[in-house]
Each structure stands twice: as C-alpha cells, then as structure tokens.
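**Student:** Line order of the protein sequences matches chains G and Z.
Sequential numbering from 53 applies to the first sequence in the numbering used here.
Sequential numbering from 6 applies to the second sequence in the numbering used here.
Careful, some of the hints might be misleading.
[As the list claims (entries may be wrong)] The list that follows gives simulated cross-link-like pairs (lysine-lysine, PhoX-like), each with its CA atoms no further than 20 Å apart:
| id | chain 1 | residue 1 | chain 2 | residue 2 |
| --- | --- | --- | --- | --- |
| 1 | G | Lys197 | Z | Lys151 |
| 2 | G | Lys197 | Z | Lys87 |
| 3 | Z | Lys120 | Z | Lys83 |
| 4 | Z | Lys151 | Z | Lys120 |
| 5 | G | Lys205 | Z | Lys151 |
| 6 | G | Lys253 | Z | Lys120 |
In short, the hints are calculated from the structure, not lab data.
Each chain, letter by letter, is given below.
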Amino acid sequence: MYELILILPAAALIVSIFADVLWMSYLQLAVSVLVFCAVVAIALSFNSITIFLGGFFFVDYINLVILITVSTLELFVAFYSFGYVRTEIAGGISKRKFKFYYFWKNLFVFSMMVSILSNNLGIYWTGLEATTLATALLVSFNRTKESFEATWKYVIMCSVGIAIGLFAIVMLYFTTSQIYGESLKSLSFINIMHAGSKLDKNFLMLAFILALVGFGTKVGFAPMHNWLPDAHSQGPSPVSALLSGVLLNTALLGILRFYQINGAAGIYYPRYFLIGFGFFTILVSAFSIIKQTDYKRLFAFSSMENMGIIALGFGIGGIAVIGSLLQIFFHALNKGLLFLSSGNVLAVTHERKIEKIRNLSKNFPITGLVLLFGVMGISGMPPFAMFLGEIYIMTGVFRSNIILGFLVFILLIFIFIGLFGKILKMYAGNNDNDERADELQSENTAHPFMIYVPLILLLVSSLLLFYIPSQFLNIVKSASYEFGGKIIF
Amino acid sequence: MIMEKIAELFIILILVSVVLNVSSPFIKFAIKLYSFQSLMLAFYILMGAVHFNSINLYGSFVITVIFKVILIPYFLFKTLKKVKIDKEIDMYIGIPEAVVFAGSLTLLSNLIAQKIINTGITFGSFVFTISLATFLIGAMLMVTRKTLFSQIIGFLTIDNAIFLAANSITHGMPLLVELGVLFDLFVSILILSVLILNLRRNVAV
Numbered sequence: 053m054y055e056l057i058l059i060l061p062a063a064a065l066i067v068s069i070f071a072d073v074l075w076m077s078y079l080q081l082a083v084s085v086l087v088f089c090a091v092v093a094i095a096l097s098f099n100s101i102t103i104f105l106g107g108f109f110f111v112d113y114i115n116l117v118i119l120i121t122v123s124t125l126e127l128f129v130a131f132y133s134f135g136y137v138r139t140e141i142a143g144g145i146s147k148r149k150f151k152f153y154y155f156w157k158n159l160f161v162f163s164m165m166v167s168i169l170s171n172n173l174g175i176y177w178t179g180l181e182a183t184t185l186a187t188a189l190l191v192s193f194n195r196t197k198e199s200f201e202a203t204w205k206y207v208i209m210c211s212v213g214i215a216i217g218l219f220a221i222v223m224l225y226f227t228t229s230q231i232y233g234e235s236l237k238s239l240s241f242i243n244i245m246h247a248g249s250k251l252d253k254n255f256l257m258l259a260f261i262l263a264l265v266g267f268g269t270k271v272g273f274a275p276m277h278n279w280l281p282d283a284h285s286q287g288p289s290p291v292s293a294l295l296s297g298v299l300l301n302t303a304l305l306g307i308l309r310f311y312q313i314n315g316a317a318g319i320y321y322p323r324y325f326l327i328g329f330g331f332f333t334i335l336v337s338a339f340s341i342i343k344q345t346d347y348k349r350l351f352a353f354s355s356m357e358n359m360g361i362i363a364l365g366f367g368i369g370g371i372a373v374i375g376s377l378l379q380i381f382f383h384a385l386n387k388g389l390l391f392l393s394s395g396n397v398l399a400v401t402h403e404r405k406i407e408k409i410r411n412l413s414k415n416f417p418i419t420g421l422v423l424l425f426g427v428m429g430i431s432g433m434p435p436f437a438m439f440l441g442e443i444y445i446m447t448g449v450f451r452s453n454i455i456l457g458f459l460v461f462i463l464l465i466f467i468f469i470g471l472f473g474k475i476l477k478m479y480a481g482n483n484d485n486d487e488r489a490d491e492l493q494s495e496n497t498a499h500p501f502m503i504y505v506p507l508i509l510l511l512v513s514s515l516l517l518f519y520i521p522s523q524f525l526n527i528v529k530s531a532s533y534e535f536g537g538k539i540i541f
Numbered sequence: 006m007i008m009e010k011i012a013e014l015f016i017i018l019i020l021v022s023v024v025l026n027v028s029s030p031f032i033k034f035a036i037k038l039y040s041f042q043s044l045m046l047a048f049y050i051l052m053g054a055v056h057f058n059s060i061n062l063y064g065s066f067v068i069t070v071i072f073k074v075i076l077i078p079y080f081l082f083k084t085l086k087k088v089k090i091d092k093e094i095d096m097y098i099g100i101p102e103a104v105v106f107a108g109s110l111t112l113l114s115n116l117i118a119q120k121i122i123n124t125g126i127t128f129g130s131f132v133f134t135i136s137l138a139t140f141l142i143g144a145m146l147m148v149t150r151k152t153l154f155s156q157i158i159g160f161l162t163i164d165n166a167i168f169l170a171a172n173s174i175t176h177g178m179p180l181l182v183e184l185g186v187l188f189d190l191f192v193s194i195l196i197l198s199v200l201i202l203n204l205r206r207n208v209a210v
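Just chain Z, with the same shape it has in the complex:
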C-alpha cells in the first residue's frame, strides 16, 4: 500500500515537471526538467521492480537511468553550449494560456482514461491518465513552440509518456525491445543535435 503511494508520488512529479516545462521559457531548465522527469520515471520502474521482483524491470531501470537521465541530457547540454541560446522567445501562444491549456488536457486525458481502462491494471488507471496527459502536453509543446530545442524536448516528453504507459498497463516492454527503443532514441537525439548545429550555421535556430 505504502509502495503504491510512493509510486504515485513519482508519477505526480512527472506531470508536475511537464507542466513546469510548459510554464518556463528557459531551455537549460527544460533539459534539467527532462532529466528529472526521466529520473522519476526510472524510480517508478524501480518501485515496480521491487514490488514484482522482476529482473526485466530492474534491467529497464538501469538502461533508463543510463540513457534518459545521463546520456541524452548530457549531449543536449553540450549542443546547447555550442548554440548559445538560453531562452525561448518565439511561441504561438503565451505561457499563461499554455498552462491553462495543459490543465485542460490533463482533465481531458482523465476522461479518456476512464472510458477505456477497466480495472485490474498494475497501478490502476491513475498512471494511464498521467501518461496520456504527459503525451498530450508534450505534443502541445511541440506545436506551440518554434525553437528547435523545444521541439526536441516535446518529442522526448512524448517518448517518456509512452514508456510510462508501457510500464503502467503492463510490466514494461521486453528488455530487448526497450533497449532497441532507447538506443534509437539516443541516436535520433545525436542526429538532431548535429542538425541543430548545421542549421545554426545557416539560419537562426
């Protein structure tokens, strides 16, 4: 019981970090938030691993920490240092409106999750709600912000949401698949960083 409460705390922190991301224009802070958010995801997976005593989930915890908490933020910081921008200035909608919008997306995902989820899932439909909300807010970040970095952050948020969903309705994907997914994600971040540097030379990012 207490374990479930702690796990729920981690999940709420994921949603909080995403909403914070919406409310802040600073890119460095956004990358830090992403790292934090991934760490919370990893802890959530660890809770599951302890709870079900599953080797698969322990492995999943380790690779999540390696790729999402350490490697990807590290390379994003490195790229950011070269590009030398710190603040998102170009947004389609302002920050207050975006936060309100994020709140309504959370409500909407609660409604959707109630509809499609029946009982008997790992930690209940709560996790699924949060993952759906994270997914939608990540998508909103991608479409409302113009800076390339914000688009990457939005994409990574969407990816975290899918990992959360995979860990909420099942006990995580098989380790082999998860490793492949994370490796692809990592390489895509590298390629996007290369593209940012190249675009920087030609046009303003």
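Extracted from the complex, chain G is given alone in its bound form:
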C-alpha cells in the first residue's frame, strides 16, 4: 500500500516516454486516481508511524497531511490536464511537446513524493533538488524569452538555496554522527528525534538557521523570494497550480523537520526566526500584490503570503499550529482553483495583463465566477475553508502578541483589497473601446474539464468549511502535538 505511492508515478514516468500523449492522458487519470485512493486508504487506517522500503521512507502525521494535500491537488490537476492538453493541441501546439509535459510532470510528482516520504534527510534533499530540475523545463514550456529567463533565475536561486540546505544537513550529520557513528542511520529522521537532547545544541541551532535560509529560498520567504513570481507565472497553468499549491509545502517540510529536531533537543528560540520570516514575507507580498499588473504573478505573490502565514502559525505554536496544518491543505486546493481557472482565461485570450482583461462575466461566466469566489476564498472569507485555517492562526497570533496580531490583520486587509479589487475589475469591469475582442473569445473553446474542474475544487473548498472528515481532523490534531499544539474541539 505504502509503496504504491512511489511506484505508480514512477511507472507513469517510464510509460510516458513511449506512450502517445492522448493515450497517456487517460493513463494519467488512472494513476492519479489510484494514488489518491492509496493515500485515502493510508489515511483512514493510519494510527502510528510506519516505516517502509527498508527504513528509507516513513509516514508520520506531519508528512501525511502534506501527502494528502499533494495527492488531492494532483487528482484535480490530472483531470484539468486532460482537458488542457486537448485544448492546447487543438490550438496548434505539437503533440511531441506535450509528451515531455507528462514526462516532467510525473518526474516532478515522483520526486516530490520521494522527498515528502523520506525518512533520510539526505534523500529528502535529493528529492527536493530533483523537483527543481523536473520543473525547470516545465516552467520554460512556452519557450519564450521571459520563460527562459524565469527558469534561469529559478534554477540558479533554488539550487544555491538548496545547497545551503545541504550545508545544514552536513551540520546536522556532524552532530548526530557523534551518537550513531558515520552511517545512514545518523541521517535518519526517526533516529535523530530519538537522540533528542543528547545532540550538540550550538550546531543544531546553526543547522536550523542554514536550513531556514536554504529551504526557505524554495518556500519563497521574503528576502529570497524574487524567483517565485516569475517561475510560477511562466509555467503552464496546471504546473503553476502544483508549484504553488504543493511544492512550497514540500520545501517547508524540510524546515519543519529541522524545527522538530530543535524542539526535541530542547531549543525553543527557532520559533522567533519562523515568526520573523513569516511576518516579513507577508509584509513584502502585501506591498507587491498592490502594484501587480499580471494576474498570474498576483496569485504567485498570494502563495508567498500564505506561506508566510503558515510559517507564522508554526512559529506561534499552540492553536496556530492547527491552523497552519489546515491552511497547508486548504491553501493548496484554493490556490489550485485560482491557477486553473486563470489558466482558462490565459489559454483562450493569451493575455496576462490585468488591464487587458475585462468583462469576464459575459464571456467566461463559470470561470469568471470561480475566479471571483476563489479570490474571496484565498483571502479567508467565510464561506470557504481557508477561513477556518486563518481564524485559528489569527487567534493564536492575537493571543501571543496583540500588536503583531493587528499588524498582520492590517496586512491581510491590504492583501484582500489588492486581490479582490483587481479580480473584480477583470470580472465586471467594462471594456468600452474593444467590443470586437469580446465577440471572439469565450470559454466555450476550452475543454469542459478545464471549466468544471476549478468549479468542483471551489465546491470542495467551500464544503470543507462545514464538514471536515473526522479522521483528517485527528491526523491534524496528532500532527500538531509534534509542535506542541493543543486544542479542545
């Protein structure tokens, strides 16, 4: 059961080299559904840490939350891709190009699964670097000058960032090898957690800071973020959804692992670094969102903001950790629907600028509505699930420090105004001087899957506010205990 999660994407990866694209899109649906079912089965029967494949991989409560997130979003993206491939091929892109699309996408998902499930920090690193490489050629999929430049920035910055993360792992390996000797055992996460307070505290602290800066580059924390909006906005929309929704969480998992190790060793001040980086990220993204002119970049900055909120929640601890864990899942769904529905607009109009797109309500009735409600959801408005995550985090922040709470609250309002004002103009604004373009472009040229998948995601995201499966809630609760989160439901 556990092995299936790794084997299925790997098998799809190999088949995609030989298979025809249209045939491959059916297979991709089957693979994604099977992976999703396997993860659901694991989640339903999960009650303690499970090791598999010779101790190199394991599932605990924290990576199970991220695993559920990845497999759920991947399922929707697979259905969307089914329509996306057909629409783009009908629009004149060669089939050969899309063969590589499935190849790299499966490699991306496979390496992401490897790094999420890995028990060994070295393997986690290898998987994370492999995700950068697998997505590099997806980001430059359109082969324009902008996309190549974005890819260059992405690969160089993330590679250097992750190299600093490797330095952190070396530091950690040095401390743990004094207990377990120099073998793979000293990199095994479970063993490191067992060693706990016996580890050298100075080196652990140094390792955490290096990991925060290194993996933080890939999460998109504020001073190291400038690759993120370019890379996330240049890729094909399904890939953007995966990059924003789940890859950032995979990188965050690395920081959380180091955070956990520090917690186990009795070092508690790393949380101030998480709070600091989280707050600064929200601040920078709030000011960037207000002056954005490109709607995909807008959503990329919004991912950054949400990563900041999640980091802030983990730093605050207590009730906010539950909020952060819920936010990881809900943000992935919500950001997925935003990127997918904006992908429809992009696929039909081939226009990225906000001011060029007006009157979506007429030509894109469903997509436009999904986009509008999605933006409401991503800002944490009540009928959508992210409200729940954000209210927990904000409660935690207000409880711990009321001034910080007000600052974050004001920034969130800024972000809401920035996002909602721009999307509302796209949805309802009138384009007086360009009547001709309105006639030609309509969402009907897109494959029905492209229109309805974001809609279903929106419904799911709304439904989750009212009903969260109790097993998922249990997993989140147990995961939050690892960070000292306590709550009575």
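Using the hints, position chain Z against chain G.
**Tutor:** Same frame as chain G, now just chain Z:
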C-alpha cells in the same frame, strides 16, 4: 603527520584556485580551474580514505572524480564552444577590488570558524575555515558577475565548499546520499547548459 601536511596542501590549492578564479575574467580558464579544484578535493578525500582506510571515502573519491573532474567540465566546455564567448566583460566590481574582497572573506571565515569549531575534528578547524572561505567567495562570484557561465561556476564553487565541509567535520556523507547529490548537480548543470543555449538564441548571454 606527513599525510596531514599533504592534505593541507591540497586544501590550500583549492583556496588558491578559487582566488585565481576571482582574478581572471576568462571563462575557459575558470572551467579548467574548477576541474582542478575538484581534483584537489578528490585527492583530499583520497587522503582521508587512505588514512582511515574507509570504503565509503574510496567510493566518494571515485564518484567525485567521475562527476566533478570529468563529466561536468566536459559538458561546460561543450556548451562554451557552442556559445562562443571567452571573456567576462560585465562585472559589478573590478578584479582588483574583488581579490581584496576575497582576501577579507577568508579572514572573516577564519574568525567564524574559530568561534564555532572546537577541537577533535578530523583535520582540525583549518579545513573548515577554507571551506567557509570557498563558500563565501563562490557566493561573491555569483553576485558580482553577470555572465551566466560565471554564475554556474560560482554555484559549482559553493557546492565544492559544501563537499569540503562535509569531508572536514565528518568523514564524508554516506555514499548513497553523496551519489544522489552529485547526480542532481550533474543534471542541474545539463539543464543550465540547455537554458544557456536557448537564452543565447534570444538574448546575449
């Protein structure tokens, strides 16, 4: 004792090659220097392997030579031939200033290493100092030079520094992890080469 001296010589040669890299604008020379620097790193690992008689380090030596000394420089040369540039012309700070800066970074890393390293590490804090200096100078190469090739060289230098650190404070990472890291590095160089060729078609590199 004599072995430690030889190992220290290799490490000093690594630092020398990095500083030479800072002082030279020629890209072909920089790739050659990188290859040389990796070879010195490999020899250093070999010294450790002989000293501790460890299979792990022998394996590490072999894969370092294969990936860092042969494969990566080979592909970089191949890309360079297609791109047809030979000299770095766009720098944020001039060469003399950069060399002085590199020297001060070495001093700084000595100070840092003294602070955090206590005794009882493989070859003492000396190796750690050099690896930290290499790391910082590699980062400086990346931010002060504009040519894409120089950025790759800077990135590779940073990577070498981390390998050196891994081999100085411990006896190298486990072989499996090291293999994964090197393979990722190799693939990232391939992808960056592809990107350089594609960017060359659109804009000046």
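**Student:** It remains to establish, for every hint, whether it holds in the given structure.
**Tutor:** How the hints compare with the structure:
no.: 1; hint: Lys197(G) / Lys151(Z); result: 17 Å, holds
no.: 2; hint: Lys197(G) / Lys87(Z); result: 19 Å, holds
no.: 3; hint: Lys120(Z) / Lys83(Z); result: 43 Å, violated
no.: 4; hint: Lys151(Z) / Lys120(Z); result: 34 Å, violated
no.: 5; hint: Lys205(G) / Lys151(Z); result: 12 Å, holds
no.: 6; hint: Lys253(G) / Lys120(Z); result: 14 Å, holds
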